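Combine both chains into one complex, guided by the hints.
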Amino acid sequence: MAAINLPLPRQRAASPARLPKGAINTWVLAGMAVLGISAVLPVLQDSTATSRGFQIQDIQASNAKLESQISQAEADVAGLTSLARIQRRASEIGLIPGLNPVYVTVTEPGPAPAKLPAEYLPGTSPSQAGPDSWWQPSDSSGQPPPR
Amino acid sequence: MAQSRATEGRRVWVPAVMFGACALVIFVRLFQLQVLDHGKYAAAAANELLSDDTIYARRGNILDRNGNVLATSVDTWDIYINARSWQDSAQASAASTIVSKALGLDASQLRNKVAVSQSVDVLIQREVDYDTGKQLLDAKVTGVIGVPGTQRVNPEGDVGASVLGIIGLDNTGLAGIEASMNDQLQGKPGRAVYERDTTGEPIPFAQHVAQKPEAGSDLVLTIDRYIQQLAEQKLAQGMKDHQAIGGDIIVMDPQTGEIMAMASSPGLQYSTLNLSDPNSTALLRNRAVTDLYEPGSVMKIITASAAIDTGVVTPDTTYVDTGVTYIADVPLKNWDNHVYGQQTMTGVLQNSINTGAVFMVEKLGAKAFQSYLDAFGFGKQTGIELQGEASGIFRRPTDSDYSPVDLATQSFGQSISATPLQMITAIAAAINGGNLIQPHLVKSTIGPDGKEVDQQPKVVAHPIRPDSSATIRQMLDAVVNPAGGGYPGAPKSYRAGGKSGTANIPIYGTYNDTQVASFAGFAPVSDPKILILVKLDSNADLATGTQAAAPIFASMADDILHYLGVRPDAGPSVTNP
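Sequence order for the protein chains is A and B.
To convert, take the position in the first sequence, counting from 1, and add 72; that gives this note's numbering.
To convert, take the position in the second sequence, counting from 1, and add 61; that gives this note's numbering.
Isolated chain B, as found in the complex (with noise of 0.2 Å):
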């Protein structure tokens, strides 16, 4: 008998369909959550999963020119309680007693500083060293935060504070040298994606995805730390011997424009600085840069300069000084109102005559000795690597309340404002060869490499030819080593040239009896190494220039030049035979 197959029944379709539409369900629901839904639960997942750390670079050193390190960064820990952690009584007391042993605190006040708090995490302190914070984290105490961070280093104390500068708290440079060459300094910061765990940490071989921090440049100033911290010991003891208010020591290397030296007072002190003083800012310019002086005789140079360079005088070119000269009736008299008589334009910078300076200016005539301003640099800014320069402020012929008052008053130096920096450069120009250079603050930059680059030297003009120059080294030769001897501000062991001056502060447009008195000089004659301005502000002594300025001067070229090795022009010296 023939076999019959069952039937298939609703038995078996209606379970086989009801599970169909489930299984159909299923399929739609997951179609929509992992396809069509896929990127907004990729991205909520990447939210919840992924951390962004950025990776700080190190910031590169300050270097002196012969390798000393100025500036220099350590890592350090700032240290948070999470104030959460210490709602507990004894779990607070436990870990208080820990923490404040290992940082130094009070733990009864560290603990009322968390209870107190509006934050979630507790600044407790800044710039931990690095193995007691490491130590303390490791020590896993409830609550404790580590966030990594660095500390900037100045290893030669206040030496150079006021050309070297501050950072702030996210490792910006401020003010000084950290703050005007920040962005070679910093670095560029890197970046971590990673996936974390539950507990925050990273999870190995999970999704990393790094941009390596790079490191900033190391720095190599044309600072040298001996010569700074000399010029900054003379010029304190300076402002002390004549009770000065401020004072400003440059010393630059005038064939190169290389700053060796820049003191300033009042400046930034690392060891007494307090920024949250008001009056603590304004510490942080560097005033060589920053404020406007008249010069003084001290501008007398650049007037002989001018002259000689133009031929209208020579340095035995001759005039009969009476004691007082008339501009448009305004009588300009001599700083000391004496009658020199029959001078020599050598004899007019040796005495510091300012008729004398009024004879060569006129002879110039005002279109010439305002190119030669402009040649020299007065009015515009050096370009120096520091920030805030000031331009620097006189009357020129074409401003309409311009007089031949001020012509002749400009020629000693009043009536016309220069920063000590621009008075130092102009100068340079007028014994170096006529070479206007440029003075900077960066010798080399060391890339992250290792790789060093040279700044060179930048001439950007030549107010006077090479054989005036020579003329006028001839003739500060002459002040500093008149006939008979015993000027102040000659050295001992070496031949210089130099011009003091002794300038009226200016005040609501006219002139009271606060000085400025200053001593330009340079040594050796024959080959200048150095060039130095001493300039001592409101000194209550009324030293003149020639006192008080000029002898600091003698010291330090004296101790500079034995200091550079460079052979002196007197002294015991001993050839064998």
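Just chain A, same shape as in the assembly (with noise of 0.2 Å):
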């Protein structure tokens, strides 16, 4: 019969609105921009993590590289200045060993020693702040002062 796929009257269901035709949902267009800077994301850090990684690896070979030219440069220097070499440059140079050396008796006093500024001895007090300083000293307890 022609009336049995119609539904009741009473029961159709009310038209959806519909959108203008061509254009997209907003929520939907937002879950996608979600979705795809959730997809993206990832990929890019583990792409700058994998470059930083090698930076790193590139860094701890230079690093290395210059303990060991240190290490290197440091025997370089023990060989020449071992006794073996300043003996031969010392020869080579026309040096020669000194022999019956004369020891002279001096009976006048040294020099006294130079004074160091205060500020280079060691135990000096900090320098009290004046009233414009922004560096408030603490009291004894190690608190700032009250205000």
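No wet-lab data here; the hints were simulated from the structure.
Quantities reported herein were computed from a predicted structural model and do not represent experimental measurements.
Cβ atoms here follow ideal geometry from the backbone N, Cα and C, with glycine treated the same way.
Worth double-checking, as some hints may not be accurate.
Computed far set for chain A versus chain B, every beta-carbon distance over 10 Å [unchecked claim]:
hint: 1; residue: W99
hint: 2; residue: V100
hint: 3; residue: L101
hint: 4; residue: G103
hint: 5; residue: L107
hint: 6; residue: G108
hint: 7; residue: P114
hint: 8; residue: L188
hint: 9; residue: E191
Distance ranges between label pairs, derived from CB positions [to be verified]:
hint: 10; chain 1: B; residue 1: V181; chain 2: A; residue 2: S163; range: 46 to 56 Å
hint: 11; chain 1: B; residue 1: T383; chain 2: A; residue 2: N172; range: 38 to 48 Å
hint: 12; chain 1: B; residue 1: Q170; chain 2: A; residue 2: E164; range: 32 to 42 Å
hint: 13; chain 1: B; residue 1: I159; chain 2: A; residue 2: Q129; range: 19 to 29 Å
hint: 14; chain 1: B; residue 1: R556; chain 2: A; residue 2: G182; range: 37 to 47 Å
Shown next as structure tokens:
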């Protein structure tokens, strides 16, 4: 019968509001954006981490190279200051071993030791801050002074 | 008319049940793999992905007392070739050309070595310097593998080699200070556990557990490189001049027990060391510490110290020498068969009269003499920081085969054996105020944090009183500075004291003509700064200790005290008006 597939008038569902033709739902757009960002972000992070990782490896290799150069330089300096080299160079430039040194007895007192400026001496107290200084000295309890 | 709903038939339930069953199977399998067998597969993955490397710590440096480097380590590479990579002849030819040029090898020999080797990775060269190896590795030549390592460098060459010792390929000390102080020098290795990719490289930011290596401590020795070099040169010259087969020279600070030089021959030389020669292992020991000898008349210092300290004699006590004395019907003669007549105890030392030593020890008695030998450290190790130290041998009154002849001969340094180090340590106690100080080679250690810890001198006994020690110094002063002068062992610029010794070498229970010529001396007498023992083994010219060893002492005393800036007792000086 023709009425078999027709819904009863009172049961007919209200027609949903229809968007204008060609328009995209805002929530769908937002959801797609979140999905897109969520997909791209880990890729970006992974890529950055991998790049940084390789940079770290390069720096570590560079570090190891510098450390070995330092130890080699120290060994070279030790060789250059060795007894045998010093004696050879001394001989080459005409120096000879000092025999029978003459000791001179001096009865005059030596010079007084040079005095250091006070700020270089150990145990000097810190200078008190002026009233306009931003640095407010604390009291003996270590707490800042009461305002 | 009412709408009838479509009934659910087999066409719906059957596929649903089938899909459900498949999903259930998959679920069960996943549960089995990811929950029940999780541990097994995680371990398998870890085994595949994780790599475990040991990070070796940098070995500590060894410095002399003034901070000069005696031993240090530099980074190197051990270069290997992966033989499988060189199976292609064209690749092998190209690679071998580059490798041979970098390492100074013959390319064809290199290819042959790799081709015939049974190993997968063939060692080509050890201890390639860091820059050369790095350039080779950075060039990514086919089949080249570099294993990082270190090489020990001795900037002073062979100076002090018998004290410093050597290390093995595993960076562990094998002889000398490198061995005995290995724990401090080696540090603690670290460990790195990381995930690696298919090429074996670590994956950045993947699991990485690292235990940082703890670098070894630096050692500051009591050795002075200049004095050590001087001792080695003087010993070599003395051996040559007197055709000796070996010898020792030890220089000690008698107030602190610090060893400033210890030269031994034959001994270790880095420049000629060949460990594949079985005879070379004998060179690894330090003979001043490991080898025993009979001291001869140098022992009279100890006999006189004991006799003076107990008060049985004074420096001016007299006796009459007839050239021979009989102990249990055994004749004991003076070394030169001379008859000295009436002599003081000081004269006994000046003329090295054997019968005078027997006179002193008979007054002491066996028990007292034995206790002084023990107090001076004979028969015991000194505890110096070197391995293989000998204790010394002599018969004691409690031994079943001890006889009165042993007491008599021990008084002048026969029938008793000691190491050169034991001898100089005992003599130091006799002249430094009576303190037996443990000899040591390590002055301080510098930790990885830069903190320096000094080793303090250790007094182990007080064998004699300070006034007895002062008396002995005066008696030994009289030996080197007799009335009339001319003693070969007298330095030019400093007043010294000392005693010579010429001892026959025992062989198969008796003595032959071979001898040990020695001299032990100290200077300045007023405040001893150095004590030197010179010993020449089996000198073919049979020169006595006074003739052969004493002049070496005199020369060294002048040089060393000038070097140390000690004001001379004699020589030109100027005083400002």
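Quick rundown of the hints versus the structure:
Against the 10 Å criterion, W99 (chain A) stays outside the reach of chain B, whose nearest CB is about 32 Å from its own CB. At the 10 Å boundary, the C-beta of V100 (chain A) stays outside the reach of chain B, the nearest C-beta of that chain being 30 Å off. With a least CB separation of 34 Å from chain B, L101 (chain A) remains clear of the 10 Å interface cut-off, as annotated. The beta carbon of G103 (chain A) is kept farther than 10 Å from every beta carbon of chain B, the shortest such distance being approximately 28 Å.
Even its closest Cβ contact with chain B, about 26 Å, leaves L107 (chain A) beyond 10 Å, as expected for a residue assigned away from the interface. The beta carbon of G108 (chain A) sits about 25 Å from the closest Cβ of chain B, which is more than 10 Å, so the claim that it is off the interface holds. Once the 10 Å rule is applied to beta carbons, P114 (chain A) is consistent with being away from chain B; the minimum gap is 14 Å. Listed as outside the interface, L188 (chain A) is consistent with that label: its C-beta sits roughly 25 Å from the nearest C-beta of chain B, beyond the 10 Å cut-off.
Consistency note on E191 (chain A): stated as away from chain B, and its beta-carbon is indeed over 10 Å from all of that chain's, at 26 Å minimum. Between V181 (chain B) and S163 (chain A) the CB atoms are about 53 Å apart, so this pair conforms to the stated range of 46 to 56 Å. For T383 (chain B) paired with N172 (chain A), a C-beta distance near 46 Å keeps the hint of 38 to 48 Å intact. Between Q170 (chain B) and E164 (chain A) the CB atoms are about 40 Å apart, so this pair conforms to the stated range of 32 to 42 Å.
Take I159 (chain B) and Q129 (chain A): their Cβ atoms lie about 25 Å apart, and the range 19 to 29 Å holds. Restraint check, R556 (chain B) to G182 (chain A): a C-beta distance of roughly 28 Å breaks the suggested window 37 to 47 Å.
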